[in-house]
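A.B. asks: Taking mature numbering (1 follows the signal peptide of the UniProt record, and there is no 0), I'd label the letters of the sequence shown as residues -28 to -1, 1 to 230.
By construction, these hints were calculated from the structure, which means they are not laboratory data. The reader is advised that the hints may include incorrect statements.
As the list claims (entries may be wrong) - Taking lysine-lysine and the DSS-like style, the derived pairs with C-alpha atoms no more than 27 Å apart in a straight line are: (1) K45 - K198; (2) K153 - K84; (3) K19 - K153; (4) K19 - K41; (5) K227 - K84; (6) K19 - K146.
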Amino acid sequence: MKTQNSSSKRTFSLMILFCIGMLLPANAQNLSGKEIVKKADDLMRGKSNYAEVEMEIIRPTWTRTLRFKSWAKGDDYSLVYITYPQREKGQRFLKRDREMWNYVPSIDRMIKIPPSMMMQSWMGSDLTNDDLVNAASILEDYDQTVLRTENLRGSECYVINMIPHEEAPVVWGKVVTWISKNDFITLRNEYYDEAGVLVNEEILDETEDAGDRTIPTRFTMIPADKEGHKTIMKFQNIEFGVDINDSFFSIQNMKRMR
């Protein structure tokens, strides 16, 4: 009888442990670097989104403000429309798959941006053309490896190293990202050139609820070698799951927009 009670207790304990394991959140289980990055990427992108953004370009002797609207659908499509200041109002930037265009209405000119210009500054900011439209896919173009876990600003984070595939059409030689273990929010990115030299640090903070998710709403890009330089992007409004037809992301539509 004593043996049966002991066996029953062990069985009951195993059942409790199994149930607890089933109830644990996914982030408490072992996840690969790619799975973690995908969760963070899905959180920030959604299947589609619309945003209104204010960008502040800060230099040692001056500050400049831009405002723009953006639409995105998956990894393949994005469109940016500048609304302020007046002299740049109406400029548009379109990404379709791996290609990017810039339309300048004042001269009615469509410019295709070649891969060699993806590292160039966007509108004089500390973001590149590639940063603006997420031309590279962090899931398809990079290998992701979990380096360690550490605390960042009070959140326990995965620190993930991302190295591009040999033939991937990307501008960075390496990206290191900090993603919170609790809710898969990206809190920091470091961008390195092909020689392994740090080029930019990106800080993501001011998390807010946006529909069915919580996301960072302020992105600060800080160049590593330019003291007093930084660019701050603040989401004034963002909506996920918006209904956007693929034809919206066309050269013809981009030229028609007002």
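A.B. asks: Determine for every hint whether it applies to the structure shown.
C.D. replies: Results of checking the hints against the structure:
1. K45 - K198: violated, 34 Å
2. K153 - K84: violated, 40 Å
3. K19 - K153: holds, 22 Å
4. K19 - K41: It holds: about 17 Å lies between the C-alpha atoms, which stays within 27 Å.
5. K227 - K84: holds, 14 Å
6. K19 - K146: holds, 26 Å
Violation of the numbered hints given earlier is confined to hints 1 and 2; the remaining hints are satisfied by the structure.
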